[in-house]
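Whenever a hint applies, use it, and build me the whole structure from the sequences.
There are 2 protein chains.
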Amino acid sequence: MIRDFKSLIGDLKSVVGEQWIVTEERAVERYLYDETAFGVRPEPVRDVVVVKPGSTEEVSEVLKIANKYKVSVHVRGGGTGLVGGAIPTKPGIVLSLERMDKVTIDVDNMVAEVEAGATLGKLIEEAEKHNLMFPAHPGDEGATVGGLVACNAGGSRAVKTGVVRNYVLGLEIVLPNGDILRLGGKTIKNNMGYNLAHLFIGSEGVLGVITKAYIRLYPKWRYTATIVVPFNSRVDAFRAAKKILFEGLTPLALEYFDRKVIETSANYLGTTWPVKEGEYYLMIILAEALEDVLYVEMEHIDNIVRSEGALEPFVTQRDDEQKSLLKIRSEIFSALKEETFDILDTTVPIGVVDRFIENVIDIEKRYGVWLPVYGHVGDGNVHVHVMKHKGFSKEQLEKIAEDVYDVALLLGGTITGEHGIGYIRRKYVKKVLGDAWIETVKKLKSVLDPNNILNPDKVLPGD
Amino acid sequence: MIRDFKSLIGDLKSVVGEQWIVTEERAVERYLYDETAFGVRPEPVRDVVVVKPGSTEEVSEVLKIANKYKVSVHVRGGGTGLVGGAIPTKPGIVLSLERMDKVTIDVDNMVAEVEAGATLGKLIEEAEKHNLMFPAHPGDEGATVGGLVACNAGGSRAVKTGVVRNYVLGLEIVLPNGDILRLGGKTIKNNMGYNLAHLFIGSEGVLGVITKAYIRLYPKWRYTATIVVPFNSRVDAFRAAKKILFEGLTPLALEYFDRKVIETSANYLGTTWPVKEGEYYLMIILAEALEDVLYVEMEHIDNIVRSEGALEPFVTQRDDEQKSLLKIRSEIFSALKEETFDILDTTVPIGVVDRFIENVIDIEKRYGVWLPVYGHVGDGNVHVHVMKHKGFSKEQLEKIAEDVYDVALLLGGTITGEHGIGYIRRKYVKKVLGDAWIETVKKLKSVLDPNNILNPDKVLPGD
Numbered sequence: 001m002i003r004d005f006k007s008l009i010g011d012l013k014s015v016v017g018e019q020w021i022v023t024e025e026r027a028v029e030r031y032l033y034d035e036t037a038f039g040v041r042p043e044p045v046r047d048v049v050v051v052k053p054g055s056t057e058e059v060s061e062v063l064k065i066a067n068k069y070k071v072s073v074h075v076r077g078g079g080t081g082l083v084g085g086a087i088p089t090k091p092g093i094v095l096s097l098e099r100m101d102k103v104t105i106d107v108d109n110m111v112a113e114v115e116a117g118a119t120l121g122k123l124i125e126e127a128e129k130h131n132l133m134f135p136a137h138p139g140d141e142g143a144t145v146g147g148l149v150a151c152n153a154g155g156s157r158a159v160k161t162g163v164v165r166n167y168v169l170g171l172e173i174v175l176p177n178g179d180i181l182r183l184g185g186k187t188i189k190n191n192m193g194y195n196l197a198h199l200f201i202g203s204e205g206v207l208g209v210i211t212k213a214y215i216r217l218y219p220k221w222r223y224t225a226t227i228v229v230p231f232n233s234r235v236d237a238f239r240a241a242k243k244i245l246f247e248g249l250t251p252l253a254l255e256y257f258d259r260k261v262i263e264t265s266a267n268y269l270g271t272t273w274p275v276k277e278g279e280y281y282l283m284i285i286l287a288e289a290l291e292d293v294l295y296v297e298m299e300h301i302d303n304i305v306r307s308e309g310a311l312e313p314f315v316t317q318r319d320d321e322q323k324s325l326l327k328i329r330s331e332i333f334s335a336l337k338e339e340t341f342d343i344l345d346t347t348v349p350i351g352v353v354d355r356f357i358e359n360v361i362d363i364e365k366r367y368g369v370w371l372p373v374y375g376h377v378g379d380g381n382v383h384v385h386v387m388k389h390k391g392f393s394k395e396q397l398e399k400i401a402e403d404v405y406d407v408a409l410l411l412g413g414t415i416t417g418e419h420g421i422g423y424i425r426r427k428y429v430k431k432v433l434g435d436a437w438i439e440t441v442k443k444l445k446s447v448l449d450p451n452n453i454l455n456p457d458k459v460l461p462g463d
Numbered sequence: 001m002i003r004d005f006k007s008l009i010g011d012l013k014s015v016v017g018e019q020w021i022v023t024e025e026r027a028v029e030r031y032l033y034d035e036t037a038f039g040v041r042p043e044p045v046r047d048v049v050v051v052k053p054g055s056t057e058e059v060s061e062v063l064k065i066a067n068k069y070k071v072s073v074h075v076r077g078g079g080t081g082l083v084g085g086a087i088p089t090k091p092g093i094v095l096s097l098e099r100m101d102k103v104t105i106d107v108d109n110m111v112a113e114v115e116a117g118a119t120l121g122k123l124i125e126e127a128e129k130h131n132l133m134f135p136a137h138p139g140d141e142g143a144t145v146g147g148l149v150a151c152n153a154g155g156s157r158a159v160k161t162g163v164v165r166n167y168v169l170g171l172e173i174v175l176p177n178g179d180i181l182r183l184g185g186k187t188i189k190n191n192m193g194y195n196l197a198h199l200f201i202g203s204e205g206v207l208g209v210i211t212k213a214y215i216r217l218y219p220k221w222r223y224t225a226t227i228v229v230p231f232n233s234r235v236d237a238f239r240a241a242k243k244i245l246f247e248g249l250t251p252l253a254l255e256y257f258d259r260k261v262i263e264t265s266a267n268y269l270g271t272t273w274p275v276k277e278g279e280y281y282l283m284i285i286l287a288e289a290l291e292d293v294l295y296v297e298m299e300h301i302d303n304i305v306r307s308e309g310a311l312e313p314f315v316t317q318r319d320d321e322q323k324s325l326l327k328i329r330s331e332i333f334s335a336l337k338e339e340t341f342d343i344l345d346t347t348v349p350i351g352v353v354d355r356f357i358e359n360v361i362d363i364e365k366r367y368g369v370w371l372p373v374y375g376h377v378g379d380g381n382v383h384v385h386v387m388k389h390k391g392f393s394k395e396q397l398e399k400i401a402e403d404v405y406d407v408a409l410l411l412g413g414t415i416t417g418e419h420g421i422g423y424i425r426r427k428y429v430k431k432v433l434g435d436a437w438i439e440t441v442k443k444l445k446s447v448l449d450p451n452n453i454l455n456p457d458k459v460l461p462g463d
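Going line by line, the protein sequences match chains A and B.
Last residue of the first sequence: 463 in the UniProt record's numbering, with the numbers rising by one and none dropped.
Last residue of the second sequence: 463 in the UniProt record's numbering, with the numbers rising by one and none dropped.
One should not assume that every hint holds.
No copy labels: a pair is met if it fits in one copy or bridges any two.
Stated by the list, open to error - Mimicking BS3-like on lysine-lysine, the simulated pairs with C-alpha atoms at most 30 Å apart in a straight line are:
hint, residue 1, residue 2
1, Lys6, Lys70
2, Lys243, Lys90
3, Lys102, Lys431
4, Lys102, Lys242
5, Lys220, Lys122
6, Lys90, Lys365
7, Lys399, Lys430
8, Lys243, Lys102
9, Lys399, Lys388
Treat the hints as calculated values from the structure; they're not laboratory data.
Spelled out as structure tokens, the structure:
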């Protein structure tokens, strides 16, 4: 229990106003979870007050109050994270940025000035109004921009223009002590002050609260196509994927999945996977400014995949069909979630994705379980679901995850390419990052957040 | 003078061996300067010993010794910086990484594992042997990879694939206390431990010594063209440049310069600028994996520039001609250097480059001086040379620079897009970055480098 709870609430009310404080148990409930798979999701504490500031200055005041009372602050965006990063696991404040959701598009400079609580969906929509686009698509459009930046989100469409880090031109950050830091702005290049913003991008909210971001936009690439390439052989599929990348083509997305996985998602959505042939698929999304460039690329890719043993590719330039295919791909996670123990976010160098997946299949056979594998073969980020299995204990399922991690690490990969560490991956930090990393981050954390108020039990392994 | 100098030298010798220590005055001389313009270049101290470690472990030992004696360590790469970052301005150690110059190309994963002292030229050459490329070209090929990363270098070819930060997949860093930190690796995506590497990229060597980098390579784009587009009107040139960007085309480079500037460089090189027409030029470099894509883009760009008033474009696909054009462009700085007081590195949002340059021309007229302007119009990074002018004092020339900076800042820009702060830009830190930035960076610096040994009087403003 928080001591002086009443006094704390009083102080918070004086900053944000009574209507933006939530303490009623049922109302608090929806601020306690994120999308972490049930098997590994931590139990939230309920001893929290939800605070909804309306401005950067209010965020600053809330953090000062948290320091005064030495209570934890759990920063909350859209709650779409997969590693428990937004789940309050210590009593204190849930700082929800939902009210700060303004999006301003600077058309002439192709930059969006976005408050942290604006959703990905809103950013996409506002940009499109001006014929601009935010190409990345890290899954759930309910994610907030603050969350995307704090977690350096990725997603399937990161092959051409990269992960969220690449889009961030500037940040406004409230430091744990309440100081407001403004870094970068609307310029594409900026070497003034070693763009300290990059310390906060991907830091999962443990070093500061992101309140605003300047996001680089691109002109809407008007000509797009989605190509689903079926294969009877997984080996052929990967050889084709590698050839596409090694010839220097840069699709927006280059995805891999198999029939069982994609049909599970289609069924979940009450629709049908439209490609009848094949057991293994590459899904390639092309987006270009010039129609003729699109055609040249489509033809070239067609040649490559056929030479590597593809069956008849399914090609569409129709918007509705492309959206429907992307939707089926994007909902794989949701479709599997109910039966998922944990979704892994393993990433390996692009040249060894095939070897990685072969190894995962060996593990699958060894344990006699189903390990759905799919993901962003274009950047080596392969998701492996560890599914619940009758008679398997939590420990046994964790052992399977660890075996998969060991393979990724052995191949020069890492255990998270886009989801982050959050709460549930902290136990692997020592093994993957080592003592020097832990010591360095502890130093940074202690000097920026001496009272350890901000997301206190996230990222760093516990003592 | 350093106290216990003899004892310090003895300790250093025991780590790197006697032959890798330089104390003789004339031999030390070539470690005292970088490429900073003469007008603003700081005077180096001569009370330094040059140490050339052969391994990361030796770097670590040298830093431990520096802490023991509490002497400064000035990290040195290729000495091609433009802001005095490599000039020793306090007595101590010049740590030259020249011996650590190994480049290993991992062809299958398209990654170069590069020791910090390897030059850009060597990296380019080694990558090309394997039909791969490092697309960025931050000017002088004598720069070292450690320097490129520490300074987050840019250059003309950063429009398509970005500045050096975008290529860094992993780093090996020796912290000021001698601890060795290994961050990231060969995966394109990596969210394990908020890729702390990005704190060090662009930090200009004040937080740690970069000893190795994992650099992302790309397949060599086989089809390239350089197009020089002449205009009689500057306004037309900028309108055309903007239209190219706003239609979603991504050339490798999109440069602007005028006849006087480019002919100065051609003369300096003893050659001739081959384009007879026009007073203002865009230079566009295209690089594509597919020949037909290149042609489609060339045709489209041709249409755009002609519709905006271009004269006859000069187009070449010949390697030697393209290299010669790039050489003339790249040597503008060297050609002007003798008469340059300072080269500015102003950067503005891409939509206001034209307004920025108009303002610079106003300043030029107001003072009656020549302010050569050229640069990377594709990412808003415009270099302005403040030339020496008969009868103008240092203070007057500095005032001109400040007027240019004020315009950039007013337009939402910044005073350095790629060169960094180093020694000579520290006086603008407070104005541009503010007190919260200074306080934050001081905290980070003090916790990582409590004895302030590493590049001690760089980046942060003096007290």
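Right, here's what the structure says about each hint:
1. Within a single copy, Lys6 and Lys70 get their C-alpha atoms as close as 14 Å, which meets the 30 Å cut-off; across copies the closest is 51 Å, which misses it.
2. With identical chains, the CA atoms of Lys243 and Lys90 are never at most 30 Å apart, being 49 Å at best within one copy and 53 Å at best between copies.
3. When the C-alpha separation of Lys102 and Lys431 is checked against a cutoff of 30 Å, the pair qualifies only between copies, where the shortest distance is 28 Å, while the shortest distance within a copy is 41 Å.
4. Taking identical chains as interchangeable, the C-alpha atoms of Lys102 and Lys242 lie at most 30 Å apart only when they sit on different chains, with a minimum of 27 Å there against 41 Å within one chain.
5. In this homomeric assembly, Lys220 and Lys122 come within 30 Å of each other (Cα to Cα) only inside a single copy, at 16 Å, whereas the closest approach across copies is 38 Å.
6. In the homo-oligomer, the alpha carbons of Lys90 and Lys365 never lie at most 30 Å apart, since the shortest distance is 40 Å inside one protomer and 63 Å across protomers.
7. In this homomeric assembly, Lys399 and Lys430 come within 30 Å of each other (Cα to Cα) only inside a single copy, at 17 Å, whereas the closest approach across copies is 53 Å.
8. In the homo-oligomer, the alpha carbons of Lys243 and Lys102 lie at most 30 Å apart only across protomers (28 Å), although the nearest pairing inside one protomer, at 43 Å, exceeds that limit.
9. In this homomeric assembly, Lys399 and Lys388 come within 30 Å of each other (Cα to Cα) only inside a single copy, at 13 Å, whereas the closest approach across copies is 69 Å.
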